[in-house]
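Construct the entire structure; sequences and hints are all you get.
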Amino acid sequence: MLWTSGWTPRYQGETIYLARATGTEDGPPFIKMRPEDMDAGGMETVFPWRESDGDGTTVESHHKLQEIAMGIRNPVMLIRIKPSDLGRVVKRKGQESFNFGEFFAFTKVCSHLGCPSSLYEQQSYRILCPCHQSQFDALHFAKPIFGPAARALAQLPITIDTDGYLVANGDFVEPVGPAFWERTTT
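Numbering of the sequence shown is given in the numbering used here, commencing with residue -3 and proceeding in unit increments.
Treat the hints with care, since some could be wrong.
Claimed, not checked - In silico DMTMM-like cross-links for lysine to aspartate or glutamate, where the CA-CA straight-line distance does not exceed 25 Å:
no. : residue 1 : residue 2
1   : Lys87     : Asp167
2   : Lys139    : Asp35
3   : Lys78     : Glu40
4   : Lys87     : Glu117
5   : Lys104    : Asp157
6   : Lys89     : Asp167
7   : Lys139    : Glu40
8   : Lys87     : Glu32
9   : Lys104    : Asp33
As the list claims (entries may be wrong) - What follows is a list of derived Cβ distance ranges for each label pair:
no. : residue 1 : residue 2 : range
10  : Gly90     : Thr11     : 20 to 30 Å
11  : Pro144    : Ile68     : 14 to 24 Å
12  : Val86     : Asp33     : 40 to 50 Å
13  : Gly160    : Thr18     : 12 to 22 Å
14  : Glu170    : Gly19     : 43 to 53 Å
15  : Gln62     : Gly83     : 39 to 49 Å
16  : Arg88     : His58     : 36 to 46 Å
17  : Ser80     : His59     : 41 to 51 Å
18  : Glu92     : Ala36     : 18 to 28 Å
19  : Met66     : Arg6      : 17 to 27 Å
20  : Arg6      : Ser93     : 21 to 31 Å
Just so you know, these hints were derived from the structure itself, not from any lab.
Don't be surprised by glycine CBs; every beta carbon is placed ideally from N, CA and C.
In structure tokens, the structure reads:
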């Protein structure tokens, strides 16, 4: 299992922003996200970004940002539930405060075999893993509802900072990745 991720704070009180990858060579590789940057019912892949990671203009920060974009533990699905569907949301016990209003963040690492669960059905709020067709219900703490996955996707606690940007409100509190990663070898 992955006990550390890009969302693991490097020091106490560090701000870790939810950032959108721009995909451009000229300009910043990541842009911090605000709630108004996303439509209701939508899903966006976001990455951990700290001010100390830089803007990619130096060799060191360019390398650091490439590691963030390519790290298996880093991508998170940011899902914005439609206001009319918020009453249907079931939160996992002990994680009732992990969302920020309509916004929920789940790891993209499938709990079956670690593939990227990157497909999203907006109308049904289903998260799909294309490798073995596991499906997860975003309205019910991303619990598995079809396929071989036996465990819900880990949820990242999020909030906003004083400037209105979405930030991690801690690290994952449950294992990220497939259940078999938890076994110890002898």
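For each hint, the structure was consulted:
1. Lys87 - Asp167: Since the Cα atoms of Lys87 and Asp167 sit roughly 17 Å apart, the hinted pair holds (cutoff 25 Å).
2. Lys139 - Asp35: Holds, at roughly 23 Å.
3. Lys78 - Glu40: holds (14 Å)
4. Lys87 - Glu117: Holds - the C-alpha atoms of Glu117 and Lys87 are around 19 Å apart, at most 25 Å.
5. Lys104 - Asp157: Judged against 25 Å, a Cα distance of about 24 Å means the pair holds.
6. Lys89 - Asp167: holds (17 Å)
7. Lys139 - Glu40: Holds, at roughly 19 Å.
8. Lys87 - Glu32: holds (23 Å)
9. Lys104 - Asp33: Satisfied, since the Cα-Cα distance of roughly 20 Å is no more than 25 Å.
10. Gly90 - Thr11: 20 to 30 Å: holds (24 Å)
11. Pro144 - Ile68: 14 to 24 Å: Holds, since Pro144 and Ile68 (Cβ atoms, about 19 Å apart) stay within the stated range.
12. Val86 - Asp33: 40 to 50 Å: violated (26 Å)
13. Gly160 - Thr18: 12 to 22 Å: Holds, since Gly160 and Thr18 (Cβ atoms, about 19 Å apart) stay within the stated range.
14. Glu170 - Gly19: 43 to 53 Å: violated (30 Å)
15. Gln62 - Gly83: 39 to 49 Å: holds (42 Å)
16. Arg88 - His58: 36 to 46 Å: Between Arg88 and His58, where Cβ atoms are some 38 Å apart, the hint holds.
17. Ser80 - His59: 41 to 51 Å: Distance hint for Ser80, His59 holds at roughly 44 Å.
18. Glu92 - Ala36: 18 to 28 Å: holds (21 Å)
19. Met66 - Arg6: 17 to 27 Å: Holds, at about 19 Å.
20. Arg6 - Ser93: 21 to 31 Å: holds (23 Å)
Hint compliance for this structure: hints 12 and 14 are broken, all remaining hints hold.
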